[in-house]
Amino acid sequence: MVINIIDDIEKSIRETAKKLLEEKKVDLIIGYTKGSIPLRSGPCFITDASQTDMLVWNQSCDLNLAKYLAKNDNRKIGIISKGCVGRAIVHLIVEKQLNKENITIIGIPCEGVLNRAKIMVEIGDKEIIEANIEDNKIIIKGKDFNKTLPLQDYINQLCITCHYKIPPIFDIIIGNKKPEKPPKDDFKDLNEIESKSSNDKIEYFKKELNRCIRCYACREACPMCYCSLCFIDQNKPVWFGKTADISDNFIFHMIRAFHVAGRCVSCGTCSSVCPIGIDLNFITRKLEKIVKERFDFESGINLAAPPPMGTHKFDDKQEFMIEED
Amino acid sequence: MVQKMISKEKISDLIKELQKEFKVFGPVKEEGVVLFKEITDAKEICLDYSNSKIPAKSVLFPMIDTLFSYKKEGKGVKIIENPPYEKTVIFGIRPCDSMGFSLFKNFFSFGKYKDPHVLNRLKNITIIGMGCLEPRTTCFCTSVNGGPFNKESVDVLITEFKDNYYLESITDKGEALIKKIKSITDADKGDLAKIEKLQKDIESAIPVIEGLVSIYTKLDGLFDHPMWKMESQGCIGCGACTYLCPTCHCFDVLEENKQDGSGRRIRIWDTCQFPLFTLETSGHNPRTTKLPRVRQRIYHKFNYYPKNYNIIGCVGCGRCIINCPVSSDIRNIFLSVENMSFKTEG
Ligand code: SF4
Ligand code: SF4
Ligand code: SF4
Ligand code: SF4
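So the protein lines, in turn, are chains F and D.
Throughout the first sequence, residue numbering follows the working numbering, covering 1 to 325 in sequence.
Throughout the second sequence, residue numbering follows the working numbering, covering 1 to 346 in sequence.
In case anyone wonders, no lab produced these hints; they're calculated from the structure.
Each hint should be verified, as a subset may be incorrect.
Derived DEER-like restraints, expressed as beta-carbon distance ranges [unchecked claim]: (1) Ser198/F / Ser282/D: 44 to 50 Å; (2) Leu119/D / Met321/F: 54 to 60 Å; (3) Leu119/D / Ser198/F: 44 to 50 Å; (4) Lys258/D / Ile255/F: 38 to 44 Å; (5) Asn124/D / Thr311/F: 55 to 61 Å; (6) Leu335/D / Asn136/F: 34 to 40 Å; (7) Leu335/D / His312/F: 51 to 57 Å; (8) Val208/D / Lys19/F: 41 to 47 Å; (9) Lys196/F / Asp41/D: 25 to 31 Å.
Values in this document were obtained by computation on a predicted structure and should not be read as measured data.
By construction, the Cβ of each residue, glycine as well, lies at the ideal position given by its N, Cα and C atoms.
The following block holds chain F by itself, in its conformation from the complex:
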């Protein structure tokens, strides 16, 4: 039963956080807390050891909490870190955006988060009053309906292919999962979209990106989007269109993809937070593949590995450079 494992972890998270605060090893714990509606969670910031019961851990904990860390924050912070939160911290350290000294990484094993957008499409526009995960099933109750969905089909795509269920580095680890040697990623899940014709691909992109309302929740929630002025906000002069028109949306998402290439830690947060339910995983997953194939690099795994977009090697592939005459 999935739920049992998760319950135990939740208990240990609370105890660990309490102890760290009581012993003054940290000033602040950043973790997840229950959202006010089912299948939702939010961040919580705990400074008082008596409040650690607010902490929860379940498959709706989809945010990448590394977003709340900052280089100029002098507090000692304990952060509840599933695999991709740990990866984000590692990569942010590599990019010199964080100092490790003040951060205590409390590692937890992750079973993957739910793809809420897919669940919502499945149940239509009905309100979910209660949702539980039991025996690999999602049991959903509404005012006048019940629905049981197979858990496996509603896990975020990036979580299914994730090889780093626990953070690559940690100070404390909860649960008895040992770091496993990741199996080789075959990127088979991309076959479907890759085999489409160019026309079908563009139609698919259009279908997804046409709906974007430019709320920037994806960017704001992404741990790698930390620029103080995003390219899309450049207005002296304006660099790109800011409307929710398909051509402007295309530019925004494609350039953002370039900017997170080799940096994206495959947390899936950008997709999870999108209020419209746009699937941005299809972009990030492809980035992961390209970076792996071209540079044999995975972001946020190794503190000593130089990021491919920040280094130059003479044998970097550059067959795409075409000389014009």
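Start from chain F and add chain D with the ligands according to the hints.
Relative to chain F, chain D with the ligands alone:
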């Protein structure tokens, strides 16, 4: 007041009839998301919905709104005005969202400047609202002077009852409209009392947040309270709560130029939650951090609006609660405000 009815199956007939005279906008479901669009095929309309993801303000105040177009001609510029706004019906909007339209009216006609775009549309729009049979647990319309069958801001109110839709005209505009429609018949008088009871029952089942209408007086003294630090620390500063809010109306004005010398001036949605929103030409930004931005959203709706326009800037639709990526819940802010005030009073 005129009361009419139509069987649910015949709703397409009604839409088709409206389309002869009006552009009809209604709820449509696209990829699981309900939003208001112009109905081209009456079958597209999706009336089995709780409330649209994107509020119907998008009809009155489109995400991209062309203010005018232009074309360079020799040394001069020719201004091309928008074509006149057509007569429009918004069909199936919830009463909370149509309350939002009253806020737009206030905002875009306040003081010296009258916004021709929004006001013109308002003049040409007839609102056929649809009562809420299943308010969501996040709804609190009854705490902000609204209700699931509120008649204040619709021209016609529809209530679904058994196999029929009951139509009730509220304004003269609404009455004139439904008198013309042939596909509807006189309401079954026997059902009317039952419908009224149903409406009351549904309305009274919505939990009321006491004191929300007068919360502005409490907010007056809380501008510098430490609660705003607490409330803002999780916020990531996106546009979800404001873009999807039926009352938020902030915009940015941009120019789009084409190489051939033509172009247009547009206005697009903008939000107080973005740092750029308050960045002044001098480089000074009065709201540099999340705290004042989060506070602004609450004060604008629950303090400045009541004080400036005598109207609450929120219709209680709950969209900001449902769509916030970090699950921030505006109702918790109300509770904090209540508690804070009690402390200062006690
Ligand atoms: S781009 Fe998306 S998946 Fe990649 S790190 Fe940012 S939020 Fe996570
Ligand atoms: S979160 Fe979704 S709607 Fe918002 S900008 Fe990103 S893709 Fe667009
Ligand atoms: S503030 Fe929230 S509840 Fe109020 S009208 Fe806006 S979206 Fe709806
Ligand atoms: S939707 Fe939530 S995270 Fe985004 S600006 Fe509003 S309160 Fe902040």
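TODO: Look at the Cβ atoms of Ser198/F and Ser282/D and judge whether their distance stays inside 44 to 50 Å.
DONE: Roughly 48 Å apart at Cβ, these two residues keep to the hinted range, so it holds.
Task: Whether the CB-CB distance between Lys258/D and Ile255/F falls inside 38 to 44 Å - done: This hint is violated: roughly 21 Å between Cβ atoms.
- [ ] Could you check the hint for me, namely that Leu119/D and Met321/F are 54 to 60 Å apart, CB to CB?
- [x] holds, 55 Å
Task: Pairwise beta carbon distance, Leu335/D to His312/F, judged against the given window 51 to 57 Å - done: 55 Å Cβ-Cβ, so the 51 to 57 Å window holds.
TODO: Can you let me know if the beta-carbon spacing of Leu119/D and Ser198/F is within 44 to 50 Å?
DONE: Roughly 46 Å apart at Cβ, these two residues keep to the hinted range, so it holds.
TODO: For the range 55 to 61 Å, tell me whether the beta carbons of Asn124/D and Thr311/F fit it or not.
DONE: Given a distance of about 60 Å, which is inside 55 to 61 Å, the answer is holds.
Task: Cβ distance range 34 to 40 Å for Leu335/D and Asn136/F, holds or violated - done: holds, 37 Å
TODO: With 25 to 31 Å as the target window, see if Lys196/F and Asp41/D comply at their CB atoms.
DONE: holds, 28 Å
Open item on the list: Please check whether Val208/D and Lys19/F have a Cβ separation lying inside 41 to 47 Å.
Closed with: At roughly 42 Å between Cβ atoms, Lys19/F and Val208/D fall inside 41 to 47 Å, so the hint holds.
Comparing the model with each earlier hint shows a violation of hint 4 alone; every other hint is respected.
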